[in-house]
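First to last, the protein sequences are chains E and S.
Numbering-wise, the first sequence is residues 4 to 216 according to this note's numbering.
Numbering-wise, the second sequence is residues 51 to 212 according to this note's numbering.
Please note: incorrect hints may appear among the correct ones.
Chain S regions said to be covered by chain E (calculated; three or more residues, Cβ under 8 Å) [claimed, not checked]:
{"no.": "1", "stretch": "58-67"}
{"no.": "2", "stretch": "71-82"}
{"no.": "3", "stretch": "176-189"}
What the hints contain is simulated information worked out from the structure, not anything from laboratory work.
In this text, all values refer to a predicted model and were calculated from it rather than measured experimentally.
Ideal placement from N, C-alpha and C gives every residue a C-beta, glycine not left out.
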Amino acid sequence: MKDLSEIKSQHLDILKEVGNIGAGNAATALSQMLHKVIDMKVPAVKVVPFTEISDAVGGEEAVVAAVFLRIEGEAPGNMFFMLPVNEANDLIRQLIGDPSLHLQQEPIDEMGASALCEVGNILAGSYLSSLSDFTKLNLQPTPPAVAVDMTMALLSAGLVELSEAGDYAIVIDTEINEKDQDNTIQSKGHFFLLPDPDSLEKIFRSLGVNMDE
Amino acid sequence: MNNLVKVGMADLNTATPPETIRTSGLGSCVGVVIYDEKAKISGMAHIMLPDSSFARSGILNRAKYADTAIQDLIKKMIVLGVSKYRLKAKIAGGAQMFKFSSNSEAMRIGPRNVVAVKETLQGLNISIVYEDVGGSSGRTIEFNPATSILEIRTVNKGVVQV
Chain E
4 MKDLSEIKSQ HLDILKEVGN IGAGNAATAL SQMLHKVIDM KVPAVKVVPF
54 TEISDAVGGE EAVVAAVFLR IEGEAPGNMF FMLPVNEAND LIRQLIGDPS
104 LHLQQEPIDE MGASALCEVG NILAGSYLSS LSDFTKLNLQ PTPPAVAVDM
154 TMALLSAGLV ELSEAGDYAI VIDTEINEKD QDNTIQSKGH FFLLPDPDSL
204 EKIFRSLGVN MDE
Chain S
51 MNNLVKVGMA DLNTATPPET IRTSGLGSCV GVVIYDEKAK ISGMAHIMLP
101 DSSFARSGIL NRAKYADTAI QDLIKKMIVL GVSKYRLKAK IAGGAQMFKF
151 SSNSEAMRIG PRNVVAVKET LQGLNISIVY EDVGGSSGRT IEFNPATSIL
201 EIRTVNKGVV QV
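Kindly produce the complete structure, drawing on both the sequences and the hints.
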């Protein structure tokens with residue numbers, strides 16, 4: 004596939020399923036970690052210009068906490084788990100039991116960053132292992148890195164490979180929500196999976212789908 | 051806010067008073083402002099990659115690469131009436147947003163963008179009067195061609211005017 008704009012809706016549907024399975028597993032893992040109900044939405048799979056990726060998490064300048072991993076193996080790509088910084092604070096405070104923790108400071112709180120890294124690691128690991136089971140592709144996450152900053156600035160770190168091939172990214176975005184007893188949404192996280200330019204074709208081929216159909 | 055010219059990622063544009071020109075969320079990207087203080091004409095590019103030889107596809111977005119974006123921006127500004135010899139530059143960005151134990155080439159893109167921007171400007175004899183590059187913070191920049199002041203905003207350090 005030369006151009007992402009050639010992608011057809013049935014291909015997007017397949018990626019939606021891939022995202023669904025991956026994030027479903029990740030939500031279960033998070034739920035077990037926090038002993039809370041975690042809900043996920045049907046993933047949105049879109050081909051979008053770079054600048055629009057951040058729309059899902061509040062725009063280019065919204066301050067978010069992000070865990071970033073590079074996926075290595077047969078279908079390399081980049082993966083982000085992002086959530087608004089206030090919600091990341093709440094999440095990490097619950098995990099490490101330190102109510103005064105604040106992630107948005109320089110240098111970043113080491114304990115907090117490491118806890119968030121671990122959350123990202125577990126989520127990404129469960130996402131990737133189901134993706135890998137589903138596609139029979141060998142995929143491994145690199146150790147994650149954490150940062151708190153403007154959405155677009157963080158995302159740009161994961162767009163290098165894609166930007167060498169074009170100005171569009173295929174984004175598999177899954178929203179996961181933490182709910183309290185009254186079913187009110189407490190926090191919203193987003194998974195972004197950004198396959199490298201050549202990886203899409205490999206994912207489709209492994210699922211028995213011909214890109215040229 | 052109607053007088054705000056926005057420059058997206060891998061994009062470039064020009065502004066003259068009363069307009070100001072702005073780009074948001076520079077991470078590893080570099081924001082280049084080129085301006086003619088006397089003619090009060092300014093241009094900005096949001097550069098993602100160092101060199102147009104990186105391009106893999108046939109259709110090239112010239113605004114994405116340091117070499118081609120700066121050339122095109124200057125061409126555009128000359129049409130508006132700047133003097134090539136009065137042009138100065140202010141640059142910001144080129145951060146490394148995430149710290150990885152393994153430093154892959156892709157992770158080092160910020161510093162490489164900065165080097166490429168500086169080399170291109172130097173090759174065109176444009177002096178860099180201010181630079182805020184590197185580090186690990188995202189930056190939003192806004193330039194006012196009437197005053198030649200560049201405003202740099204970061205999440206942790208607030209707003210700096212230079």
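Verification of the hints:
Given as covered by chain E, the stretch 58-67 of chain S passes the check, having 3 residues with a CB less than 8 Å from a CB of that chain where 3 are the minimum. Residues of the stretch 71-82 of chain S lying with their CB closer than 8 Å to a CB of chain E number 6, which satisfies the three-residue condition for coverage. Check result for the stretch 176-189 of chain S against chain E: holds, 4 residues qualifying (beta carbon to beta carbon below 8 Å, three or more required).
No hint from the list above goes unmet by this structure.
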